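For the protein sequence lines, the chains are A and B, in the order given. Position 91, counted from 1, in the first sequence is what numbering that gives the first Met the number 0 calls 90; the numbers after and before it change by one each time, with no gaps. Position 16, counted from 1, in the second sequence is what numbering that gives the first Met the number 0 calls 15; the numbers after and before it change by one each time, with no gaps.
Zero decoy hints are in this set.
Each pair may be met inside one copy or between any two copies, as identical chains are not told apart.
Below 20 Å or equal to it, Euclidean Cα-Cα: the simulated SDA-like pairs (lysine to any residue) are: (1) K95 with Y105; (2) K36 with N99; (3) K63 with G98; (4) K95 with E69; (5) K102 with V32; (6) K63 with V51; (7) K53 with L43; (8) K53 with E69; (9) K102 with E69; (10) K63 with L52; (11) K36 with K95; (12) K95 with D66; (13) K36 with G65; (14) K36 with V61.
It should be emphasised that the hints constitute simulated quantities derived from the structure, not laboratory data. All values derive from a computational prediction rather than experimental measurement.
Given next are the chains, with one letter for each unit.
Number of protein chains: 2
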Amino acid sequence: MSLRDTLRNIVESVDGGLAAMIMAYDGIPVDEVCIEKTEFDMQLLSVEYATVLKEIRHTIQVIKAGDMEEVSITTCQTCVAIRVLNEELFVVLIMKRDGNFGKGRYLLRLKSFELAQALS
Amino acid sequence: MSLRDTLRNIVESVDGGLAAMIMAYDGIPVDEVCIEKTEFDMQLLSVEYATVLKEIRHTIQVIKAGDMEEVSITTCQTCVAIRVLNEELFVVLIMKRDGNFGKGRYLLRLKSFELAQALS
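For reference, chain A alone in the conformation it holds in the complex (with noise of 0.2 Å):
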C-alpha cells in the first residue's frame, strides 16, 4: 500500500477525520491527504505543528522524561494527534472536535510502523 493510500485509510476509517500529513521537523509535508473541507490553511499548519513538536521535544530531553512518541491537541474546533515516526519525520491526523479520537490514536500507533517502514 502506498503512503498515501495509508493515510487515506487512516482518515477514512476515524470518524470524524479531516486529514492526515506526513511531515518533516522542518514544517515541510512528504504526503498529504484531505478528505474533507477544513478551515485551515493545511502548509499554516504543518509549519506550526513542526515548530510545536520540535518545542515538545526539546521540552521532553530537559525533563528527561524519555523519547517523545504521541502528541495530542484538542481545540473547541479540533482535534488533533501526532506521532513520531522517526528522527525526522512525524504523522498527523486531524478530527472533527466530536470525530472519534480513540479510535484515530489507536489506528496512529497501529500504522506507524508501516510508515515508518516505508519511509525508510
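For chain A, the structure is supplied; the task is to place chain B on it using the hints.
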C-alpha cells in the same frame, strides 16, 4: 473539597497516576500532589510545560483552530494530560506510560469545572 483534595482524588483514581498539579502559564504551580516519587524535577517540569503550552496556544491562534482545551504528551516513560482551566491556569496529570490514559483524561475533563470554580 479543597483544591489539593480534588487533585489527590484525580491522581489516586487513575491506575499509574503519579502526580497532578495546577499551574499558571508563567510556570508557577498553584498547588500540587505527588503520590509516587517521580524521576522528574517537578519545578523544572512546571516551567517547561508552561512554556510548551504557551507555544501551543500561540500556534492554535495562528491557525485559527479555536480555543485550546486539552493537550497530551506521551513519551516512552510517561503520559502527561493537560487541561486548560481558564485564561491563566491549567491542570496537569502525570501518569506512568502504561497508566490508564483514558480515565485520566476523562477525570481531568470531569473535574475541570470544579477546579475552575474553586479558583475563580
